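Asks: Fit chain B to the supplied structure of chain A, relying on the hints for placement.
Chains as they are written, first to last, in my numbering: chain A, 645 to 859; chain B, 645 to 859.
Mixed in with the good hints there might be a few duds.
If several chains are the same, the list does not tell them apart, and a pair holds so long as it fits within one copy or across any two.
Claimed, not checked - Using 30 Å as the maximum straight-line C-alpha spacing, the simulated DSSO-like pairs for lysine-lysine come out as follows:
1. K849 - K787
2. K849 - K825
3. K674 - K787
4. K671 - K705
5. K717 - K825
6. K674 - K836
7. K695 - K849
8. K671 - K836
By construction, these hints were calculated from the structure, which means they are not laboratory data. Treat the numbers as computed from the prediction; the structure is a model and nothing was measured.
Protein chains: 2
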Amino acid sequence: MSTVKLASQPTIKRLPSYLHVIENAQKDGKEFISGTVIADELGLEPIQVRKDLAVTGIVGKPRIGFPVNKLIKAIYAFLCWDRDHQAIVVGAGNLGTALMGYPEFNRRGMRIVAAFDMDKRKIGRRIHDTEVFALGQMAEKLKDLDIQIAILTVPSNHAQAVAELLVKSGVRAIWNFTNVKLRVPEHVTVQKEDLSSGYAVLSVKMTISAASARK
Amino acid sequence: MSTVKLASQPTIKRLPSYLHVIENAQKDGKEFISGTVIADELGLEPIQVRKDLAVTGIVGKPRIGFPVNKLIKAIYAFLCWDRDHQAIVVGAGNLGTALMGYPEFNRRGMRIVAAFDMDKRKIGRRIHDTEVFALGQMAEKLKDLDIQIAILTVPSNHAQAVAELLVKSGVRAIWNFTNVKLRVPEHVTVQKEDLSSGYAVLSVKMTISAASARK
Numbered sequence: 645m646s647t648v649k650l651a652s653q654p655t656i657k658r659l660p661s662y663l664h665v666i667e668n669a670q671k672d673g674k675e676f677i678s679g680t681v682i683a684d685e686l687g688l689e690p691i692q693v694r695k696d697l698a699v700t701g702i703v704g705k706p707r708i709g710f711p712v713n714k715l716i717k718a719i720y721a722f723l724c725w726d727r728d729h730q731a732i733v734v735g736a737g738n739l740g741t742a743l744m745g746y747p748e749f750n751r752r753g754m755r756i757v758a759a760f761d762m763d764k765r766k767i768g769r770r771i772h773d774t775e776v777f778a779l780g781q782m783a784e785k786l787k788d789l790d791i792q793i794a795i796l797t798v799p800s801n802h803a804q805a806v807a808e809l810l811v812k813s814g815v816r817a818i819w820n821f822t823n824v825k826l827r828v829p830e831h832v833t834v835q836k837e838d839l840s841s842g843y844a845v846l847s848v849k850m851t852i853s854a855a856s857a858r859k
Numbered sequence: 645m646s647t648v649k650l651a652s653q654p655t656i657k658r659l660p661s662y663l664h665v666i667e668n669a670q671k672d673g674k675e676f677i678s679g680t681v682i683a684d685e686l687g688l689e690p691i692q693v694r695k696d697l698a699v700t701g702i703v704g705k706p707r708i709g710f711p712v713n714k715l716i717k718a719i720y721a722f723l724c725w726d727r728d729h730q731a732i733v734v735g736a737g738n739l740g741t742a743l744m745g746y747p748e749f750n751r752r753g754m755r756i757v758a759a760f761d762m763d764k765r766k767i768g769r770r771i772h773d774t775e776v777f778a779l780g781q782m783a784e785k786l787k788d789l790d791i792q793i794a795i796l797t798v799p800s801n802h803a804q805a806v807a808e809l810l811v812k813s814g815v816r817a818i819w820n821f822t823n824v825k826l827r828v829p830e831h832v833t834v835q836k837e838d839l840s841s842g843y844a845v846l847s848v849k850m851t852i853s854a855a856s857a858r859k
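Excised from the complex, chain A in its bound form (with noise of 0.2 Å):
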């Protein structure tokens, strides 16, 4: 369990949007960034930066920065995105048809193999080329499909029973975007998504610029 504790949850978050600006730079042809310039990019302090990329053993040269190659290949590394995870999708209505069209994930080694529905005038559609089954075919198409990761997008008050059905497939990890805490046995992972988090700051970072506007 060591590299959960050598690298915070905040840290990981952080790793992507890192990712990001460094991308852009290589394909702007740079050889090197410095954490300072990653850090304005993103509006945080170039500590915070070079504390976060740390973890992914690439030190920076003074002066100079880290190389950009060698650091791209070292986050994908540290996030495990250098190996393809293979997806479901689990609940095809609008935020599982965003998921399955989010782009990003493709390259960042998700690959959505199919999706699941209730809704019988989504059963046999594709969706962004994926094709949508009946929730009843799962246990049976999860057979031959080697699936990491379910994302789960269903209403709330299916989300419990839909995570056993998962368990009970051999799905090992459960990207849950209902607001319920799911029960599972200890050794499948949940990733709970709560979009009231960015809400929450946006909320508080907005009262705060309002009020120092009025002074």
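Replies: Below, chain B alone, put in the same frame as chain A:
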């Protein structure tokens, strides 16, 4: 700017999930809830929970816990969710539609009063009871509405242009779901939502979990 310094962004991001647990305790008729119970429910350390909740100013009693009703009120006040925030959605695609139907936002003071899109098939329709207007009508529409938040879910190549239109129309906070780093004047608050962050955490956690299972 004292609140920003008193509460770190990770703390603010955790408060909505605490609120969820505490509101459930309220529904169950409980008058007090301990930091340990909240921590257990969310898989966090009790010390973390108590530290985070300290920002609300509500003090827990030893062996009894925090007063439920007071704590809920204090979290609402801290997150500025005790007042209404009028919002618009710009980009009524799948993600925009999903956000317009997210029931939690309404309970947290966010009132989505209009949506804007370029697609003629959507303009004039209602999505989750909210009318969709043409992007070209935005400046005019916003004159009559006191909008605090614009939720930006347009395709990335339109993000900067739409953000400039929003700023011109007087919007002071943008919740940015595109992968573009927006250039806006300093008085405008931007909160960037990066779905890759959650995927990064999931990816690292599940890889570590798989590795430790093999041991």
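Asks: Decide, hint by hint, whether the structure agrees.
Replies: Here's how the hints hold up against the structure:
| no. | hint | result |
| --- | --- | --- |
| 1 | K849 - K787 | between (47 Å within a copy, 24 Å between copies) |
| 2 | K849 - K825 | both (27 Å within a copy, 17 Å between copies) |
| 3 | K674 - K787 | neither (46 Å within a copy, 45 Å between copies) |
| 4 | K671 - K705 | within (21 Å within a copy, 56 Å between copies) |
| 5 | K717 - K825 | between (34 Å within a copy, 23 Å between copies) |
| 6 | K674 - K836 | between (36 Å within a copy, 25 Å between copies) |
| 7 | K695 - K849 | both (25 Å within a copy, 20 Å between copies) |
| 8 | K671 - K836 | between (33 Å within a copy, 22 Å between copies) |
Checked against the numbered hints above, the structure violates only hint 3.
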